[in-house]
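> Mind docking these for me? Both chains are given alone in their own frames, and the hints should help you get the complex.
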Amino acid sequence: MTSIADEIICYAECVNNSDLLPLITLLVVASLLLFAFYLKTKTPIQRVSSFAGAQTSMLGAIAATFSTMECGRMLTIEVYLAYVLISTGIMLFLQGSYYRILIRHHNAKPISDIVDWADDFVNALSEDSQVYYFDLAIPKAFASGKAIFISIGMLEIFDEQELKAVLAHEAWHLRHNNKTPILRQLSLMTFTKFRPGQELELMADRFAEEIVGKGALESARAKLV
Amino acid sequence: MVKVDRINISNEGLTKFFSPIEAQIMGVLWENNEMMTAEITKMTGIPLSSVAGTLDRLVKADFAQRRVENQGKRVRYVYSATTTADNAANAITTRILDSLVDTFGAVAIENFSKYKNDK
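So the protein sequences, as listed, match chains A and B.
Residues are numbered in my numbering as their position in the first sequence, beginning at 1, plus a constant of 386.
Residues are numbered in my numbering as their position in the second sequence, beginning at 1, plus a constant of 3.
Looking at chain B on its own, in the form it has when it is part of the complex (with noise of 0.2 Å):
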């Protein structure tokens, strides 16, 4: 599963929302229109079983989708993300701050306010 929902903050990058795998081939993904299988292998230098399964994942949490390309006698995954980079962390951050509005309420509010104000 990718798991957003597990915020590990003293990761660097993408990786406090994805593990490493994820957020590389996140990368790439957004860094390009579409991309096979062999293609992101071959950028990221991450060994297709894990790619492979990787991406399963990432298209099932909706971050990533495909779709079947058949030219003459191959057939392959064209993949390509769901949503800009923006869009996605966009979607992150909103999802974090109603958990913390959720959690600690007007503290929380408070709190963003002042952050706003400190930068």
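If we strip away everything but chain A, and leave its shape as in the complex, we get (with noise of 0.2 Å):
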């Protein structure tokens, strides 16, 4: 069997002597002066997009690696392979039916049954979403796939307006298709380390401010503290 340091060797040999060689220095020069730029701007579509970019770069540089490869079959090849593949088939399969897990995990309901007007709210900023809710007195809201799961305890608490604006930011979500999966399983395959939540999240209040207006996200922020 090769051993690890053979396949170090063998990765720099076939890197030198390829023709992808100033590729692969583009691919990881941009990849690192995104990630600098992402570690300086303070704006959050700009740091989401510059963390995307520079993952994606990466990956590239990666890809264009492997294809340089003239060493045969190599163990860590091989295992990087199966995990992006096993990977990237767990996210894409949960990400369309996770919520379905969720649903019977908090046995949720539709909130048709107590609220009339929230899945019209949210069907009009999210086409085929269903809202749901479920029993904990926690105020709690969060989106999977093309669900939004509300507590009975943030029902109780909110008013209308600031129900909006809990549901106008768990629609961006779903327009988005976010907590993106995608960026997530970017991080995942180049084993870097990055919470988007925080710039996803502000994305979001942005959205609902726009949708709701900013006096009711700051009220409903207000009562959870």
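Keep in mind that the hints were calculated from the coordinates and are not lab data.
Treat the numbers as computed from the prediction; the structure is a model and nothing was measured.
There's no promise every hint is true.
[Stated by the list, open to error] With a Cα cut of at most 27 Å, we get these calculated DSSO-like pairs of lysine-lysine:
1. Lys63/B with Lys495/A
2. Lys76/B with Lys600/A
3. Lys526/A with Lys119/B
4. Lys19/B with Lys119/B
5. Lys526/A with Lys19/B
6. Lys45/B with Lys526/A
[To be verified] Per label pair, the in silico range of CB-to-CB distance:
7. Ser498/A with Thr85/B: 24 to 34 Å
8. Arg77/B with His562/A: 29 to 39 Å
9. Asp105/B with His562/A: 52 to 62 Å
10. Ile99/B with Ala608/A: 40 to 50 Å
11. Ile112/B with Ile500/A: 48 to 58 Å
12. His562/A with Thr18/B: 39 to 49 Å
No residue lacks a Cβ here, since even glycine has one placed at the ideal position from N, Cα and C.
See below:
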């Protein structure tokens, strides 16, 4: 079996002798520049975009490096490819169906049973979405797949405008298919640590502000403190 | 979790068996028939986030129960105690006595008799 040290030497030789070396160098430099921009910029949308760009460039560099390999079957390549395929498959599968698991897990019920306007409001922002409520006194809301989940505790303490602010925030996540699994997956593929959560939450808040106004969002936030 | 099984002998009153917040909320529920979350928050002076989490635990542990009331455009939980304070005290003491007898057998029973006679 080829040792890891042999494989590293093989990588270096293959890359050095490859026509793809300029492309690989370009992608790595682009990735580093985008990552530096990501660290420096304060705007949520620029942070998310530069992070996605840096990760995609790095993934491109990894793919180009692999394509230069002339050392036959190598364990590290096989392990990495298996990891990418399995994790991507799980991510794609879960993205489409995880909300069904959540419905069962929380014993969630359609919100139309107790609140008549919520589904129409959310559908105007994100088509074919459905809102569910579940039995929990702690105020909590989250989105997954094509569903928004909201606890009775949240329905209890918020007035209609505040609830609309929360639903608009969650509808943004549905529209952008976010808590973006793609971002998380890119991060996993390149073994970098990143939590885009804060930026995504800020962007969702901005959207909610546009829909219902800043006042409703701020009073909702104040009630949760 | 409500940890009635973990008795803290040095604590005062119900906080021997409940956390201070649990004890305060159960006290309010035992004294009143039905209460909404906002009323419990107001009567105890405990922040909403703590009250909500504690109520979830008390319902799960079957010390409290709740129903959903949907009036007009507002949805609310209405809470009540599942049993009276006396019945809860009875259930807790029975569990403790059972545990003492299971562990110490005749010694525990002898001490109960001695305690009863002394009283």
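> Taking each numbered hint in turn, which are not upheld by the structure, reported in ascending numerical order?
3, 5
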